Structures are given as C-alpha cells and as structure tokens.
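Required output: the full structure, derived from the provided sequences and hints.
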Amino acid sequence: MRHTPRTVEWMTLSLLAATYVLWALGTTWAYDLSPVLGVVLTGLAVAQFSSLQHEMLHGHPFRSRLANEALAFPALNLTVPYGRFRDTHLAHHHDPILTDPYDDPESNYFDPAVWARLSRPARWLLEVNNTLAGRVLLGPLIGNLLWLRAEAGLALRGDRVVIRDWLLHLAGLVPVIWWIWAAPMTGWAYLVAAYIGHALLKIRTFLEHRAHEAARARTVIIEDRGPLALLFLNNNLHVVHHMHPNVPWYDLPALYRAHRDHYQRRNDGYVYRSYAEVFRRYLLTAKDPVPHPLWPFRR
Numbered sequence: 001m002r003h004t005p006r007t008v009e010w011m012t013l014s015l016l017a018a019t020y021v022l023w024a025l026g027t028t029w030a031y032d033l034s035p036v037l038g039v040v041l042t043g044l045a046v047a048q049f050s051s052l053q054h055e056m057l058h059g060h061p062f063r064s065r066l067a068n069e070a071l072a073f074p075a076l077n078l079t080v081p082y083g084r085f086r087d088t089h090l091a092h093h094h095d096p097i098l099t100d101p102y103d104d105p106e107s108n109y110f111d112p113a114v115w116a117r118l119s120r121p122a123r124w125l126l127e128v129n130n131t132l133a134g135r136v137l138l139g140p141l142i143g144n145l146l147w148l149r150a151e152a153g154l155a156l157r158g159d160r161v162v163i164r165d166w167l168l169h170l171a172g173l174v175p176v177i178w179w180i181w182a183a184p185m186t187g188w189a190y191l192v193a194a195y196i197g198h199a200l201l202k203i204r205t206f207l208e209h210r211a212h213e214a215a216r217a218r219t220v221i222i223e224d225r226g227p228l229a230l231l232f233l234n235n236n237l238h239v240v241h242h243m244h245p246n247v248p249w250y251d252l253p254a255l256y257r258a259h260r261d262h263y264q265r266r267n268d269g270y271v272y273r274s275y276a277e278v279f280r281r282y283l284l285t286a287k288d289p290v291p292h293p294l295w296p297f298r299r
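Numbering (full-length UniProt numbering), first residue to last: 1 to 299.
Just so you know, the hints here were simulated from the structure itself, not pulled from any lab data.
One should not assume that every hint holds.
As the list claims (entries may be wrong) - Derived CB-CB ranges, DEER-like:
#1 P184 with D288: 40 to 48 Å
#2 Q264 with L284: 23 to 31 Å
#3 R149 with W10: 34 to 42 Å
#4 E213 with V114: 19 to 27 Å
#5 R260 with R281: 18 to 26 Å
#6 H93 with H259: 18 to 26 Å
#7 R273 with A155: 37 to 45 Å
#8 L141 with L284: 12 to 20 Å
#9 H262 with R6: 19 to 27 Å
#10 T7 with H259: 25 to 33 Å
#11 A258 with G153: 38 to 46 Å
#12 R225 with A116: 37 to 45 Å
Unchecked claim - When the alpha-carbon atoms are kept at most 20 Å apart in a straight line, the in silico SDA-like pairs for lysine to any residue are as follows:
#13 K202 with R281
#14 K287 with D268
#15 K202 with P112
#16 K287 with T205
#17 K287 with Y270
#18 K202 with P289
#19 K287 with R210
#20 K202 with I142
#21 K202 with P105
#22 K287 with A217
#23 K202 with Y270
#24 K202 with R273
#25 K287 with E106
#26 K287 with I142
#27 K287 with A70
#28 K287 with T131
#29 K287 with W115
#30 K202 with L137
#31 K287 with L90
#32 K202 with L145
#33 K287 with Y272
#34 K202 with D268
#35 K287 with P112
#36 K287 with H212
#37 K202 with V40
#38 K287 with V40
#39 K287 with L148
#40 K202 with R225
Computed from a predicted model, the values in this text were never measured in an experiment.
Think of the CB as a built atom: it goes at the ideal place given N, C-alpha and C, for glycine as much as any other residue.
What follows is the structure in structure tokens.
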C-alpha cells in the first residue's frame with residue numbers, strides 16, 4: 001500500500017496532548033483525590049505515551065524527524081531512551097530476523113545452548129515470564145534488568161551512539177523529575193505508575209511474534225477493537241503494521257478490513273479474536289518454550 005504522508009497528523013497530535021493532560025492529572029489532581037487512582041491513570045498515560053513514541057519513530061505525526069523526536073523527548077517511562085527504542089525497533093522491523101535470539105532486539109527467545117547453561121531458578125523464572133500473568137507481573141522487572149545490563153555493556157565498551165542516547169535520555173528525565181518533585185505524587189508512587197505502564201505494554205508484546213519457519217508467518221493479528229487496541233494504537237493488527245510500517249495507527253483497522261483474508265493467509269492464520277481470548281488461553285499457560293524451538297534458522 002502506498003501511503004502519502006500528511007504534513008501534520010492531527011489525530012496523533014490530539015491524542016498526544018490528551019496523554020500529557022492525563023499524565024499531569026494523574027500526578028496531581030487524581031493523586032490528591034486518591035493515590036490509587038492517580039497511580040493507575042499515570043500508568044495508563046505512560047503506556048499510551050510509549051505507544052505514541054512508537055508512532056513517532058515511524059515518522060508520525062510530522063514529516064520532520066526532528067519535530068517528532070522533540071515530542072518524544074520527556075522520559076516518562078524512565079528506563080528506555082527514545083533513541084535506543086528507535087534504533088532497536090527499526091532493526092526489529094527487518095522481518096527475516098524476527099524472533100532470532102541474537103539479531104532481533106525484541107526477541108524473548110533464548111539460544112537453546114545458552115538456555116541449557118542457565119541455573120534452574122533462572123529457567124523457572126523465565127518460564128513463569130512466558131505466561132501472560134508472569135509477563136505482566138514480572139516482565140517489566142525482568143525485561144528492564146536484561147535491557148539495562150545489555151545497554152551498560154555497550155556503553156562500557158565505548159559505543160558512542162548508545163552513550164549519546166542515554167545522555168539525551170538523562171536530559172529528558174530532568175523535566176519529569178522536576179514535575180514529580182513539585183507534584184503531590186511521590187517518587188515511589190511514580191515508580192509504581194511507570195511499572196504499570198511497562199506491564200500494560202507487555203500485554204501487547206506477549207504474542208506479537210512466534211517461532212515459525214516462514215518469516216512472514218511470525219507476526220500476529222489480534223482482532224480487538226476495545227480499549228487495549230486504543231492503548232496500543234492498533235498494533236494488535238501487528239502483521240499489518242509490519243507490512244506497512246509508515247501507515248499511521250488510525251488507518252490500520254480500515255486497511256485490515258479491506259484485505260483481511262490476505263493478511264491472514266500472509267501470517268498463516270496466526271490470529272486471535274480479542275485480548276479476552278488471549279487472557280483465557282495464556283493467563284497461566286506458557287505460549288511457547290523459552291529456548292527457540294527452531295534455532296538455528298536455516299539461512
């Protein structure tokens with residue numbers, strides 16, 4: 001599909017403005033009214049902002065990369081520099097490497113040889129993390145620890161791009177810390193809210209990709225149109241996004257409806273009707289093994 005970029009995508013800008021308002025209300029008025037309400041609303045805003053950052057790195061809502069990156073500057077999610085998110089995610093969009101334990105930056109699979117060397121407690125923890133409940137409750141902690149360890153290793157080896165992006169991220173933390181310092185919400189409460197934001201995003205990423213011989217069949221479709229679809233900006237229609245990464249979030253459902261059979265043939269029927277079905281099937285059940293069942297790929 002050919003997509004002609006709009007000069008300004010007002011739906012995305014409007015949603016970004018609403019997200020900032022929700023974040024501000026969650027950390028102030030709502031937190032004063034009820035700390036639980038404030039933390040939940042702030043967590044929702046953090047998750048929505050991360051989804052919007054995903055739009056920005058794909059060239060929305062402006063044609064200008066600099067303008068998009070300015071919108072993504074505040075570090076609301078605390079631990080993921082926008083520049084690192086951009087670079088690793090765009091690398092992930094090279095479909096032939098999807099689920100590769102080494103080359104796909106977003107893979108949750110392990111090389112079976114590495115898996116065999118892990119301690120029993122570590123393997124148990126990662127197996128729990130492969131259920132939806134585990135991914136939501138423990139996934140933000142496990143994911144961030146693995147992420148930060150890898151980033152620290154790159155920085156210590158002198159990777160200038162990584163160091164630059166982390167310095168920009170630290171600058172983006174300044175307005176967030178200043179705001180929380182002045183707001184009713186405590187720092188500890190904001191950490192909980194950020195954790196909630198990461199946990200919500202784990203619902204989206206849980207089934208996005210599977211091990212499959214054909215790269216085209218590794219990417220999911222979840223035909224959900226409820227609040228989670230909005231929170232994830234229709235990336236539940238994930239194969240549509242991978243095939244048309246420059247199409248804005250609000251055009252994905254119509255594109256999917258117009259070519260539904262094509263996309264389902266394309267991903268070999270890797271389809272769920274809703275997130276309710278995903279929760280029923282995988283809340284306490286692992287979706288697949290942690291060691292990659294088809295590794296190594298045939299090259």
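Hint check results:
1. P184 with D288: 40 to 48 Å: The hint (40 to 48 Å, Cβ to Cβ) holds, given that P184 and D288 are roughly 43 Å apart.
2. Q264 with L284: 23 to 31 Å: holds (28 Å)
3. R149 with W10: 34 to 42 Å: Since R149 and W10 have Cβ atoms about 40 Å apart, the given range 34 to 42 Å holds.
4. E213 with V114: 19 to 27 Å: holds (21 Å)
5. R260 with R281: 18 to 26 Å: holds (22 Å)
6. H93 with H259: 18 to 26 Å: holds (20 Å)
7. R273 with A155: 37 to 45 Å: holds (43 Å)
8. L141 with L284: 12 to 20 Å: holds (19 Å)
9. H262 with R6: 19 to 27 Å: 25 Å Cβ-Cβ, so the 19 to 27 Å window holds.
10. T7 with H259: 25 to 33 Å: Given range 25 to 33 Å: holds, Cβ gap about 27 Å.
11. A258 with G153: 38 to 46 Å: Given a distance of about 45 Å, which is inside 38 to 46 Å, the answer is holds.
12. R225 with A116: 37 to 45 Å: With Cβ atoms ~42 Å apart, the hint holds.
13. K202 with R281: holds (16 Å)
14. K287 with D268: Holds - the C-alpha atoms of D268 and K287 are around 17 Å apart, at most 20 Å.
15. K202 with P112: violated (23 Å)
16. K287 with T205: holds (12 Å)
17. K287 with Y270: holds (13 Å)
18. K202 with P289: Holds: K202 and P289 sit about 17 Å apart, inside 20 Å.
19. K287 with R210: holds (9 Å)
20. K202 with I142: holds (11 Å)
21. K202 with P105: This hinted pair holds, its Cα atoms lying about 15 Å apart.
22. K287 with A217: Holds, at roughly 16 Å.
23. K202 with Y270: Holds, because 19 Å separates the two Cα atoms, which is no more than 20 Å.
24. K202 with R273: holds (18 Å)
25. K287 with E106: holds (16 Å)
26. K287 with I142: holds (18 Å)
27. K287 with A70: Given pair K287, A70 is violated - Cα atoms ~38 Å apart, limit 20 Å.
28. K287 with T131: holds (6 Å)
29. K287 with W115: With a Cα-Cα distance of about 17 Å, the restraint between K287 and W115 holds, given a limit of 20 Å.
30. K202 with L137: Within the cut-off at roughly 9 Å; holds.
31. K287 with L90: violated (25 Å)
32. K202 with L145: Distance of about 15 Å is within 20 Å: holds.
33. K287 with Y272: Answer holds: K287 to Y272 is near 13 Å, not above 20 Å.
34. K202 with D268: violated (24 Å)
35. K287 with P112: holds (17 Å)
36. K287 with H212: holds (13 Å)
37. K202 with V40: Roughly 16 Å between the alpha carbons, so the hint for K202 and V40 holds.
38. K287 with V40: violated (27 Å)
39. K287 with L148: Violated, at roughly 25 Å.
40. K202 with R225: holds (18 Å)
The structure is inconsistent with the numbered hints 15, 27, 31, 34, 38 and 39, although it conforms to all the rest.
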